Structures are given as structure tokens and as C-alpha cells.
Amino acid sequence: TLDTYSPDANVLYVSPSYLDKENVAVNDETRQKLAHLQKGEFGLLLPESLRSQEAELKKIFEERLNYYGKSSEDKDAPLEYEMRAIVSYLPTGEKRFVYNNGENPVSTQYLTDPILVVFTPTSIGDSIISKSMWSINAGNNIFVKGYESGLELLKKAGIYEQVSYLKE
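Using my numbering, the first residue of the sequence shown is number 80, and each one after it goes up by one.
Simulated from the structure, these hints should not be mistaken for laboratory data.
Since the model is a prediction, treat every value here as computed from it, not as a measurement.
Possibly wrong hints are sitting among the right ones.
Derived CB-CB ranges, DEER-like [unchecked claim]:
1) Y92 - E152: 18 to 24 Å
2) K100 - K154: 35 to 41 Å
3) E231 - Y92: 20 to 26 Å
4) P200 - D155: 25 to 31 Å
5) E127 - E231: 35 to 41 Å
6) E231 - P157: 36 to 42 Å
7) E227 - K138: 41 to 47 Å
8) T201 - A88: 25 to 31 Å
9) D87 - D155: 21 to 27 Å
10) A134 - Y239: 41 to 47 Å
11) S85 - E240: 34 to 40 Å
Result set (DMTMM-like, lysine to aspartate or glutamate): computed pairs, CA atoms no more than 25 Å apart in a straight line [to be verified]:
12) K210 - E231
13) K235 - D205
14) K118 - E108
15) K138 - E159
16) K174 - D192
17) K112 - E159
18) K137 - D155
19) K112 - E133
20) K100 - E120
21) K174 - E101
22) K149 - E120
23) K137 - E159
24) K210 - E141
25) K138 - E152
26) K210 - D153
27) K174 - E108
28) K118 - E231
29) K112 - D192
30) K137 - E152
31) K112 - E173
32) K210 - E142
33) K210 - E161
34) K154 - E120
35) K137 - E108
36) K210 - E120
37) K149 - E135
38) K118 - D99
39) K118 - E141
Heads up, the beta-carbon is just placed ideally off N, CA and C, and yes, glycines get one too.
Given the sequences, and given the hints that come with them, work out the whole structure.
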């Protein structure tokens with residue numbers, strides 16, 4: 080629901096480029112860290128109103144995202160690496176744009192004061208689970224502005240040959 084916070088509620092999972100595209104106000108130090116996330120790191124950008132819940136939310140999100148560091152989908156599979164949050168705060172009262180992909184549209188175009196979880200393919204690592212997540216979600220949940228830009232990004236990432244088509 081829109082009045083609770085959890086990894087499944089009132090949260091947007093975004094790339095560092097979302098922060099620029101949507102003019103999200105983060106300090107320069109945080110912006111630099113998020114632009115160069117290393118394996119096992121993710122940004123946890125909390126509305127200022129949640130400052131008192133930082134420790135609890137950090138623990139919840141780290142535990143949830145640790146799933147990407149597991150060696151297999153088996154419930155008891157060991158972790159190959161742990162996820163660590165880089166926490167920063169955002170002004171309260173900010174609306175954040177929701178990119179509806181048409182496949183799973185939501186009735187809301189903006190969320191007010193969601194938690195932003197910032198990650199990249201590099202930051203969630205190269206486990207079988209993270210690779211699977213990217214391959215499943217890439218088709219419907221990655222927004223690239225401009226056809227030519229999309230082609231260039233695919234070529235730069237070395238996956239152009241694996242993509243059958245792009246949808247505008």
C-alpha cells in the first residue's frame with residue numbers, strides 16, 4: 080500500500096540514471112558513489128521522514144537483496160556475497176515518476192516519498208540469480224530514451240547480438 084514501506088511497497092527500484100533524468104536531489108558525494116556502485120552495493124535513498132527508521136529499513140533491504148548473492152535458488156544456498164546499502168536522504172514531499180511499461184501498468188504515475196533503491200547489473204553481481212533476474216526483466220522493465228541510444232548501450236554492453244528487437 081502507499082502508506083507503508085517495505086521492499087514490496089512504496090519503493091522504486093531504479094538505476095543511477097533515473098536520479099539524473101528525474102532531478103532527484105542527492106548530494107555530490109552520494110551521486111558519485113551511486114554512479115560507481117561496486118559488486119554488493121546498492122543505494123538506499125530514504126525520504127527524510129524515515130530517518131528514525133534507517134537501521135530497520137537498511138537491515139530489511141539488505142536481507143532482501145542478499146537473495147541476489149546466493150549461489151542458487153535453493154532455500155539453504157550459501158551466499159557468495161552480501162549486499163550493503165549506501166544510505167542517503169531525500170527531501171520529504173517529493174513526487175517520483177513511475178515508468179509504466181504497459182505490461183504491468185499501475186494506476187499511479189507518481190509516488191510521493193517512495194524509497195529509491197539504486198542498483199546496476201554490476202552492483203547486484205554475477206550470481207545465477209542476478210543474471211536470471213536481468214534476463215527476465217530486461218524485456219519489459221528497462222527504459223531507454225531514444226532508439227539510437229538504446230542500440231549504443233546494447234553494443235557497449237556486448238549484448239546487441241542477443242537482442243531480437245526493440246520496442247518504441
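Here's how the hints hold up against the structure:
1. Y92 - E152: 18 to 24 Å: About 20 Å separates the Cβ atoms of Y92 and E152, which means 18 to 24 Å holds.
2. K100 - K154: 35 to 41 Å: Holds - the Cβ-Cβ distance for K100 and K154, about 38 Å, lies within 35 to 41 Å.
3. E231 - Y92: 20 to 26 Å: 24 Å, holds
4. P200 - D155: 25 to 31 Å: 26 Å, holds
5. E127 - E231: 35 to 41 Å: 37 Å, holds
6. E231 - P157: 36 to 42 Å: 38 Å, holds
7. E227 - K138: 41 to 47 Å: 42 Å, holds
8. T201 - A88: 25 to 31 Å: 27 Å, holds
9. D87 - D155: 21 to 27 Å: Once the Cβ atoms are compared, 23 Å apart, the range 21 to 27 Å for D155 and D87 holds.
10. A134 - Y239: 41 to 47 Å: Because 43 Å falls inside the window, the suggested range holds.
11. S85 - E240: 34 to 40 Å: 39 Å, holds
12. K210 - E231: 21 Å, holds
13. K235 - D205: With a Cα-Cα distance of about 18 Å, the restraint between K235 and D205 holds, given a limit of 25 Å.
14. K118 - E108: With a Cα-Cα distance of about 19 Å, the restraint between K118 and E108 holds, given a limit of 25 Å.
15. K138 - E159: Status holds; Cα separation ~18 Å.
16. K174 - D192: Cα-Cα ~6 Å, so holds.
17. K112 - E159: Status holds; Cα separation ~23 Å.
18. K137 - D155: OK: K137 and D155 at ~23 Å, within 25 Å.
19. K112 - E133: Holds, because 19 Å separates the two Cα atoms, which is no more than 25 Å.
20. K100 - E120: 21 Å, holds
21. K174 - E101: 10 Å, holds
22. K149 - E120: Given pair K149, E120 holds - Cα atoms ~15 Å apart, limit 25 Å.
23. K137 - E159: Judged against 25 Å, a Cα distance of about 20 Å means the pair holds.
24. K210 - E141: Roughly 18 Å separates the two Cα atoms, so the pair holds.
25. K138 - E152: 21 Å, holds
26. K210 - D153: Given that 25 Å is the threshold and the Cα spacing comes to 16 Å, the pair holds.
27. K174 - E108: 23 Å, holds
28. K118 - E231: 24 Å, holds
29. K112 - D192: 22 Å, holds
30. K137 - E152: Holds, because 23 Å separates the two Cα atoms, which is no more than 25 Å.
31. K112 - E173: 22 Å, holds
32. K210 - E142: Within the cut-off at roughly 19 Å; holds.
33. K210 - E161: Measuring from Cα to Cα gives roughly 16 Å; hence the hint holds.
34. K154 - E120: Roughly 22 Å between the alpha carbons, so the hint for K154 and E120 holds.
35. K137 - E108: 19 Å, holds
36. K210 - E120: The given pair, whose Cα atoms are some 16 Å apart, holds under the 25 Å limit.
37. K149 - E135: 22 Å, holds
38. K118 - D99: Roughly 22 Å between the alpha carbons, so the hint for K118 and D99 holds.
39. K118 - E141: It holds: about 13 Å lies between the C-alpha atoms, which stays within 25 Å.
The earlier numbered hints are all upheld by this structure, with none contradicted.
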